[in-house]
Amino acid sequence: MLSERRLQVLRAIVQDYVGTEEPVGSKALTERHSLGVSPATVRNDMAALEDEGYIAQPHTSAGRIPTDKGYRLFVDKLAGVKPMTAPERRAIQNFLEGAVDLDDVVARTVRLLAQLTRQVAVVQYPSLTRSTVRHVELLSLAPARVMLVLITDTGRVEQRVVDCPAPFGEASLADLRARLNSRVSNRRFTDVPSLVEDLPEAFEHEDRGTVSTVLSTLLETLVEENEERLMIGGTANLTRFGHDFPLTIRPVLEALEEQVVLLKLLGEAQDPGVTVRIGHENAHEGLNSTSVVSVGYGSGGEAVAKLGVVGPTRMDYPGTMGAVRAVARYVGQILAES
0 MLSERRLQVL
10 RAIVQDYVGT
20 EEPVGSKALT
30 ERHSLGVSPA
40 TVRNDMAALE
50 DEGYIAQPHT
60 SAGRIPTDKG
70 YRLFVDKLAG
80 VKPMTAPERR
90 AIQNFLEGAV
100 DLDDVVARTV
110 RLLAQLTRQV
120 AVVQYPSLTR
130 STVRHVELLS
140 LAPARVMLVL
150 ITDTGRVEQR
160 VVDCPAPFGE
170 ASLADLRARL
180 NSRVSNRRFT
190 DVPSLVEDLP
200 EAFEHEDRGT
210 VSTVLSTLLE
220 TLVEENEERL
230 MIGGTANLTR
240 FGHDFPLTIR
250 PVLEALEEQV
260 VLLKLLGEAQ
270 DPGVTVRIGH
280 ENAHEGLNST
290 SVVSVGYGSG
300 GEAVAKLGVV
310 GPTRMDYPGT
320 MGAVRAVARY
330 VGQILAES
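So that you can map any letter, position 38 of the sequence shown is 37 in numbering that gives the first Met the number 0, and since no number is skipped, the others follow by simple counting.
Source of the hints: derived by calculation from the structure; they are not laboratory data.
Worth double-checking, as some hints may not be accurate.
Stated by the list, open to error - The list that follows gives simulated cross-link-like pairs (lysine-lysine, BS3-like), each with its CA atoms no further than 25 Å apart:
no.	residue 1	residue 2
1	Lys263	Lys68
2	Lys81	Lys68
3	Lys26	Lys68
Said to hold, decoys possible - The following label-pair restraints were derived from C-beta to C-beta distances:
no.	residue 1	residue 2	range
4	Val156	Ala282	30 to 36 Å
5	Glu196	Gln258	31 to 37 Å
6	Glu30	Glu256	41 to 47 Å
7	Leu252	Thr19	42 to 48 Å
8	Thr84	Leu138	43 to 49 Å
9	Met146	Leu252	48 to 54 Å
10	Phe94	Ala170	45 to 51 Å
11	Pro82	Glu200	55 to 61 Å
The model shown is predicted, which means the values in this text are computed figures rather than measured ones.
Think of the CB as a built atom: it goes at the ideal place given N, C-alpha and C, for glycine as much as any other residue.
Taking the hints into account, I'd like the entire structure generated from these sequences.
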């Protein structure tokens with residue numbers, strides 16, 4: 000365990016390096032921070048921190064910079080989440096409240112996160128498998144053709160045209176709509192198959208084929224594989240940090256183009272808290288010089304997807320964590336009200 004004073008020295012080094020982009024020396028630390036000890040004592044503390052792998056000396060005669068291990072300790076023990084100011088919170092709310100549908104919510108969230116953090120923003124669309132059914136609408140397009148509209152609790156709308164094996168009257172369609180919604184409204188997608196499996200038996204023999212066809216289309220919609228969608232924005236922000244990447248930002252850009260990599264980076268949506276992965280904690284080699292700050296979002300206190308930012312390890316962690324958490328909270332509120 001590090002002493003309290005050495006923890007304070009480490010905190011000061013991280014803060015100065017993030018703020019100035021320059022390696023930090025003992026003299027600068029004692030001048031900028033009220034550490035209450037001499038530069039010689041600070042030098043001894045820095046030597047101890049270096050021996051334990053929390054800081055490193057990039058060049059001889061240079062000051063010190065934090066390592067991945069140093070940033071990790073800073074995030075876990077020393078950094079609080081910086082709260083957003085009241086004007087910032089109002090600006091977030093006003094910007095997101097103007098969204099007209101789910102695609103617009105996601106697009107606005109990406110732009111907002113990229114602007115607030117000046118990093119690369121990544122937002123995952125709400126996953127259907129973690130959603131609940133808000134309503135199923137059935138509309139007659141022709142005597143033997145029906146439009147099925149599935150509306151989820153996250154504001155997602157899926158539409159399918161169903162070609163029925165026989166004409167289906169308005170009265171039968173209204174009956175099916177009512178029976179279907181009474182069973183599946185506000186139920187998890189994963190529960191729906193068992194809830195509707197005996198529904199065709201409630202109808203006259205000549206209508207059962209059509210009811211089964213509509214239900215098959217509904218169930219196909221619930222399990223389609225195209226649900227893991229992402230939107231990314233602010234990639235140009237990386238060019239501001241060219242010197243933070245050892246050789247080139249190209250491996251980072253290539254990794255960001257791989258959706259599977261990004262989904263793994265964001266982590267499981269079931270974990271709603273703020274997650275910070277630093278440097279080599281990111282399994283993808285191209286992202287070893289970056290940090291990822293992510294959080295779950297959703298309505299009703301349950302996370303249905305993740306959002307976050309990717310940037311260099313020399314990151315304002317308290318500010319980034321605060322921004323990501325605040326945006327996720329407002330997105331969740333908008334989805335709950337939509």
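Quiz item: Looking at the structure, which of the earlier hints fail to hold?
Solution: 7, 9
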